[in-house]
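Novice: What follows is the residue order along each chain.
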Amino acid sequence: QKEVEQNSGPLSVPEGAIASLNCTYSDRGSQSFFWYRQYSGKSPELIMFIYSNGDKEDGRFTAQLNKASQYVSLLIRDSQPSDSATYLCAVNDYGGGADGLTFGKGTHLIIQP
Amino acid sequence: GAVVSQHPSWVICKSGTSVKIECRSLDFQATTMFWYRQFPKQSLMLMATSNEGSKATYEQGVEKDKFLINHASLTLSTLTVTSAHPEDSSFYICSAQTGPNQPQHFGDGTRLSIL
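Residue numbers (my numbering), protein chains in the order written: chain A, 1 to 113; chain B, 1 to 115.
It is possible that part of the hints are untrue.
Unchecked claim - Cβ pair distances, simulated, as ranges:
(1) B:Glu22 with A:Gly16: 40 to 50 Å
(2) A:Pro113 with B:Thr31: 22 to 32 Å
(3) A:Gly41 with B:Lys20: 19 to 29 Å
(4) A:Ile18 with B:Thr80: 42 to 52 Å
(5) B:Lys55 with A:Pro14: 46 to 56 Å
(6) A:Ile110 with B:Lys55: 29 to 39 Å
(7) A:Asn7 with B:Thr31: 30 to 40 Å
(8) B:Glu87 with A:Ala68: 40 to 50 Å
(9) B:Cys13 with A:Arg28: 38 to 48 Å
(10) A:Lys67 with B:Ala2: 45 to 55 Å
(11) A:Gly59 with B:Glu22: 29 to 39 Å
(12) A:Ala68 with B:Ser15: 48 to 58 Å
(13) B:Lys64 with A:Glu3: 19 to 29 Å
These are computed hints drawn from the structure, not numbers from a lab. Cβ atoms here follow ideal geometry from the backbone N, Cα and C, with glycine treated the same way.
Just chain A, same shape as in the assembly (with noise of 0.2 Å):
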């Protein structure tokens, strides 16, 4: 049975500061790790993926992945008040065929103006 575990929080971090979101995964076998933002109400929304190891930059967004220690991280720069939403983490094997995706059960960010 796949798991991906998260602090469910709330986290709060004031405006500009940097938030940092963790979490892990139990599937040594897990390929491909995605970040999603869930707006309350709403469905999932993407926000960065990453397949190897090491960091991947995409604006304020840096997803990092450390395979040997089945975790991956997501770090918002220059956190604003859109940005308060629940991060989902999700990982899948991706072993040549389609597979859907397992999910963490999300941590709840609240920028602080």
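Once you've looked at the hints, dock chain B against the given chain A.
Specialist: Then chain B, alone, in the frame of chain A:
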């Protein structure tokens, strides 16, 4: 690009009714689509994988006779909740990929309330 449309966005109906939810990929073809369910304060749980031209693959614990999936074309998958009961009330969300090993993009979801 990569727009997934889901309809209807909200359904309220009586117990025993069957409800059909449509998921369309608007600007790409999707041989595979996915159906998830999310209960309040919970995360998304994969229900089934919808494969164009073949039977859907259901996750353990999901009743295939209750949740009928049809992937009739490369741009349309439907989920029918048959004889819905109050415990089926949930947020149902579909997703699709633009290609192999690509991220999944989600529809806006359907909020189903069974009275």
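Novice: What are the numbers of the hints the structure violates, in ascending order?
Specialist: 2, 6, 10
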